[in-house]
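Asks: Taking the hints as your guide, dock the two standalone chains into a single complex.
Respectively, the protein sequence lines represent chains A and B.
Just so we're aligned, residue 0 is where the first sequence starts under numbering that gives the first Met the number 0, counting upward by one.
Just so we're aligned, residue 0 is where the second sequence starts under numbering that gives the first Met the number 0, counting upward by one.
Among the clues, some could well be false.
[Unchecked claim] Here chain A is said to cover these stretches of chain B; the calculated rule only asks that three of the stretch's residues, wherever they fall, bring their Cβ under 8 Å from a Cβ of chain A:
| id | segment |
| --- | --- |
| 1 | 134–141 |
| 2 | 365–372 |
| 3 | 447–455 |
[Said to hold, decoys possible] Residues from chain A that keep clear of chain B, each with C-beta distances beyond 10 Å, as calculated:
| id | residue |
| --- | --- |
| 4 | F7 |
| 5 | Q79 |
| 6 | H81 |
| 7 | Y90 |
| 8 | Q149 |
| 9 | A150 |
| 10 | D182 |
| 11 | I189 |
Keep in mind the hints are simulated off the structure, nothing from the lab.
Since the model is a prediction, treat every value here as computed from it, not as a measurement.
Cβ atoms here follow ideal geometry from the backbone N, Cα and C, with glycine treated the same way.
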Amino acid sequence: MSIVFLQFLSGTIFLSIIFLHLIKKNFEAVIAYGIQSFAIVVVLMGSFFETNNFPLLLLILVTLIVKVIVAPLFFIKLIQKHELTFSVSSYLNLPLTLIVIASFTAVAHSQKFSSLTNIIPAHFALLSLALSAIFISLFLIVNRKGALSQALGVLSLENSIVAFVFFAGLERSPGLQMGIIFDIFVWILIATVFVSMIYKHFGSLDVTSMKHLKE
Amino acid sequence: MELLLIFGSFFIAAFLCVVLTSRRVIECISIVATVIALVESIIISLKVGSVKTYVPFYFFSIESFEAIVMLIIAFVGLATTIYSVQYLRQETLKNIIGFTRVKQYFILLNLFLLAMFLAISANSPILAWIAIEATTLSTAFLISFYNKPSVTEAAWKYLIINSVGLLLGFFGTLLYFTSVNELSGNSFYALRDAALHLDPLIAKIAFIFILIGYGTKVGLAPMHTWLPDAHSKAPAPVSALLSGVLLNVAFVIVMKFKIITDFALRDASFSNNLLIIFGLLSIFVAALIILTQKNYKRLLAYSSIENMGIISLGFGFGPLGIYPAVLHMIYHSLIKSALFLSAGTIFLKYSSTKIAKVKGMLSSLPITSILFLVGIFAITGAPPFGIFLTKISILSVGIKIHAIVSIVAMFLMAILFIGFLKHASSMAFGEKPSEVTTGSSEFKTGKENIWLILPPLALLALALFLSFYFPRFLLDLLNAVTISYKMRGTI
Numbered sequence: 000m001s002i003v004f005l006q007f008l009s010g011t012i013f014l015s016i017i018f019l020h021l022i023k024k025n026f027e028a029v030i031a032y033g034i035q036s037f038a039i040v041v042v043l044m045g046s047f048f049e050t051n052n053f054p055l056l057l058l059i060l061v062t063l064i065v066k067v068i069v070a071p072l073f074f075i076k077l078i079q080k081h082e083l084t085f086s087v088s089s090y091l092n093l094p095l096t097l098i099v100i101a102s103f104t105a106v107a108h109s110q111k112f113s114s115l116t117n118i119i120p121a122h123f124a125l126l127s128l129a130l131s132a133i134f135i136s137l138f139l140i141v142n143r144k145g146a147l148s149q150a151l152g153v154l155s156l157e158n159s160i161v162a163f164v165f166f167a168g169l170e171r172s173p174g175l176q177m178g179i180i181f182d183i184f185v186w187i188l189i190a191t192v193f194v195s196m197i198y199k200h201f202g203s204l205d206v207t208s209m210k211h212l213k214e
Numbered sequence: 000m001e002l003l004l005i006f007g008s009f010f011i012a013a014f015l016c017v018v019l020t021s022r023r024v025i026e027c028i029s030i031v032a033t034v035i036a037l038v039e040s041i042i043i044s045l046k047v048g049s050v051k052t053y054v055p056f057y058f059f060s061i062e063s064f065e066a067i068v069m070l071i072i073a074f075v076g077l078a079t080t081i082y083s084v085q086y087l088r089q090e091t092l093k094n095i096i097g098f099t100r101v102k103q104y105f106i107l108l109n110l111f112l113l114a115m116f117l118a119i120s121a122n123s124p125i126l127a128w129i130a131i132e133a134t135t136l137s138t139a140f141l142i143s144f145y146n147k148p149s150v151t152e153a154a155w156k157y158l159i160i161n162s163v164g165l166l167l168g169f170f171g172t173l174l175y176f177t178s179v180n181e182l183s184g185n186s187f188y189a190l191r192d193a194a195l196h197l198d199p200l201i202a203k204i205a206f207i208f209i210l211i212g213y214g215t216k217v218g219l220a221p222m223h224t225w226l227p228d229a230h231s232k233a234p235a236p237v238s239a240l241l242s243g244v245l246l247n248v249a250f251v252i253v254m255k256f257k258i259i260t261d262f263a264l265r266d267a268s269f270s271n272n273l274l275i276i277f278g279l280l281s282i283f284v285a286a287l288i289i290l291t292q293k294n295y296k297r298l299l300a301y302s303s304i305e306n307m308g309i310i311s312l313g314f315g316f317g318p319l320g321i322y323p324a325v326l327h328m329i330y331h332s333l334i335k336s337a338l339f340l341s342a343g344t345i346f347l348k349y350s351s352t353k354i355a356k357v358k359g360m361l362s363s364l365p366i367t368s369i370l371f372l373v374g375i376f377a378i379t380g381a382p383p384f385g386i387f388l389t390k391i392s393i394l395s396v397g398i399k400i401h402a403i404v405s406i407v408a409m410f411l412m413a414i415l416f417i418g419f420l421k422h423a424s425s426m427a428f429g430e431k432p433s434e435v436t437t438g439s440s441e442f443k444t445g446k447e448n449i450w451l452i453l454p455p456l457a458l459l460a461l462a463l464f465l466s467f468y469f470p471r472f473l474l475d476l477l478n479a480v481t482i483s484y485k486m487r488g489t490i
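Only chain B is shown next, with the shape it has when bound in the complex (with noise of 0.2 Å):
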């Protein structure tokens, strides 16, 4: 019933924006069905809590990790469009946009939330996929929004790359049901029970062809392409929700195939030390092009490749790098959104990404900067965040286990937090430019709008809070996912 009302929100909210007039109404069917979720996704979670599985109906079913994943959709995807709502009207105000594209930005926004809510929740590997699809064909008249050449550009190369990359995890996924007959389901459960019954070269083929598939929209290396184009043009608060939730969804239904491959193979050394290949690329990548960054929507979709090869590290270095791998993943979601919605702020106040370009960023906007400069802080691994903790747990565990690779990765991180400090100092101090951007008084005032300002506070002030205490349920999922992750053989 939960999740029924999760995708019955979404899809009547996607419905109404299209048949509804008033902009005003558009946008708050929008947040009440964000707020739905939100409720929902908690009940959910108490749920899976306590029954460890929670199953609603056929070809759905919600374990620990996919539980915390909602969390971080539901609440990512509530900020997200709160900030969408003043955000998207100081754009109008701007004459960027006008209503028909407000009009289309929550259609396609209330789809995207549906589909990621699709596959996090999907128990069938096909029907994860043609969610996953969805996200992307959901995302990609997000990305082209503002109908420019180097947006169309971002998108088409978004629609491509990912496209071939979700085939070839088709793929895979298909591999893997060389092992059930269709009488034995088409859900991972069943995989997962017939996976020893799976030849050990086909198991190995398929999960190349998945990581690589579903890898693509995770962001790994060298599948990496498409991201910094299209988390950089796409709207604030739709990279905001690209970076910080739908690289996740992506990997969990990686770590789900995971399992599986590691039955079949009765060994996880093989998908473990892929992880880490990828995961170590990736952080690679991030620190090669961080120092000679010039655009700062660019440095934080970067930062995303890196931090999600921190996370496929995390998941590399077996079970006792699982648990700050999650914990990792939930604090980077967290921040990063806070990062991009700021960023959204900055972009409204200066009219351009480019790092040169934005001077005098505290004198001009206080509190986003402090927002901005606080996040850049927390996402590169600075106490008292609780970066800092996942990524020293990381490294330790890795350390005994693959001790060049924690080293090479350490000093990577070590590149990575400088190269953001120098891009963040240059951006927050110096003279701010004498041009004074068009738009509401506020902004031309330099007075900031607070439901620009608190969305992202909210997700920053949950991150902090997160660092220093858990709920017992959050906790119960945490320990839940890492337990199953031993009890599922991956030594």
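So here's chain A without its partners, still in its complex pose (with noise of 0.2 Å):
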């Protein structure tokens, strides 16, 4: 695969995140982490046409099902019967979410990190992007007041890592990826059986109108 095409890949994983730390919507959202979840089942198909190996096309096709149709037909919905449609909104304001998401970025492309964005220095540009994805991940996880969003942020957290071990290539055998796979899977209906939780306790996702462990 082109180092170009794998940079649009990067990018596109990355401003999908910067997405979901925008948007008010949950609906879009979702569709941000399933476009998001496609770039990731790209990577992998490249990583495929080179090794040929079939048992990765199995683990594609997994995750083809699990993050890009299942998950976000879960999320939607949720959405739906709980008529969620807009998200909450985030702790920090909008121009001061940006300034952090630049710091984040400055930081994963400084030399500081520059053990990890070197370890193909080939790939110095796209690893540096997927550490900032991570880093923004964790960001939009604190920053963010609704559990949907939360949920969200751990998915997209667990994406941005998946993308920098392919560039990186550190990438396991298809076996030990079906299981982490499979524990997100699990992870995926656990939290929306969460999320319905909240919202019936709570009557809402807002996860600061949860109060009840404060003594």
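Replies: Shown next, in the form of structure tokens:
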């Protein structure tokens, strides 16, 4: 796969996370996650075309089903069921959020993390962008007040790590990766149930409304 | 074969719990599964004692440290499963839960135990990660068992914080693979063999991610925030397993990566210093909160944070601190599980986890309150329990290397001792409240159920027994842990 195309995919993943920071509608957030996951699937496809490893093809299919089809469908059904059209706001306002994102991106591209971003020197730009994606996904989980946004943040973090791993050539055997996908699938199921439970108990997905544990 | 029997028994038990409709059969099957696990764990430990490394099949291997923790999982697992039967029956009598919930409980309990056995015996870091993540997934619904707003809140916090932590741990894990190619394998051994080729800076970054990631699961401060909520809101037997067992499983995995990091850096000071910092911070956080604590289950949860901090200090102080640290881990697991089980009986009687609402415990629950008080004395390090000796040993090792850290830790432990004593005495003495709990006639009359007493009693008795006498094979395992860390360069 050409480096330019990989950069396009890496950029797609990165931009989808920025989009998750900016948007207010839950539906759009889920679509952004679907696009991000599809970019991951294309990255995996590139790896398959290079290696012709058939277990990897199975992994790609499972990833496609779990992350691109099942997860967004689950979340969309949840949004429709509870009419969760709008997501709740973030702790930081938009300008501050953008400043923090810019800072994390700069840090990921800095010399501090050069040992990570130079694992494959030719992939410096890809690895830097993937590392930025990891940082801003973490920030997404911390900054958003909505339970659904937090769940999408966790899944984005996982996608960013997968992207980094592939760009750094650290991917493991498809068998082990299948185990990871299975965990992610169960995680999505559980997170969906919990989001529903939160809505049932608190009448909102805003995690700041959860104050029962303050003693 | 032994390991396969353990995995198989829990898997089959979980499956049978799904399909069966008889409560008694579900309870029996779950107990039988834990009995099989205990017997097989003892056999495996005996084998490890003689052959040092037990390798049943690809992707799995057990050394001395894993064998010790495996015994802890098995023993505490059996005690909590037996306790769960009666505990859930009492809750059913109080109309808190129905049969569906009981069924769900035993399915998840068996899966949780299976995941812990998988995690401790996995030889591949990726498989270990998958198993640890599985413990999070199986326990999320156990924590939210009572389906109340506060419980949902605690479970969500647990799910999100642990998932983020474990993803960071996963990232750290994969960074270690920069020195290994696919053909070398995916095992901890492969990572250890290739550690000398690992870029020291990457090794440092990877270990930081591991310590933050798996440290979240261990409950080390400042990643501990989920622990008091989850441990206090889960049903008492689940809290016993979370506090007494799961934290140790995650800790063992951190230690496996510590060895690789020490090899890569050709020096243990980096990982040791990090363990000391996180360990001391954990003790500090627990001490800070203990005096003002209002909930006795949260009190026990903070004590777990403290004790994991002490174990981290022990490992951080180097080879001399490892022996008492592993001993401390054993004592803490047994005593803390006993304490959580006793707390469950107190909750059944008083229907509250608030310290202020539990008065006159000695007259209303004489045996349980004695067990609870003995447990409190034991966990805070009062003699003759082994924790007294392990704390003294860890601090005496530390005073030679990091005098200030040891003195601060000693001071914080003293605060924790005072805090615990203050709360325990306020619960044990005083006028018992006039309200009588609903439930079985036994609980109304103040008679205590033997099946709610025996499991914590057995755990405490074992802790006391091990404080004076250690069976030969356990002693061999303990020595093997210390020797292996010395050999592997933990200097």
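Asks: Hints first: check each against the structure and report whether it holds.
Replies: Here's how the hints hold up against the structure:
no. : hint    : verdict
1   : 134–141 : holds (count 3)
2   : 365–372 : violated (count 0)
3   : 447–455 : violated (count 0)
4   : F7      : holds (23 Å)
5   : Q79     : holds (21 Å)
6   : H81     : holds (15 Å)
7   : Y90     : holds (15 Å)
8   : Q149    : violated (6 Å)
9   : A150    : violated (8 Å)
10  : D182    : violated (5 Å)
11  : I189    : violated (6 Å)
Of the numbered hints listed earlier, those contradicted by the structure are 2, 3, 8, 9, 10 and 11.
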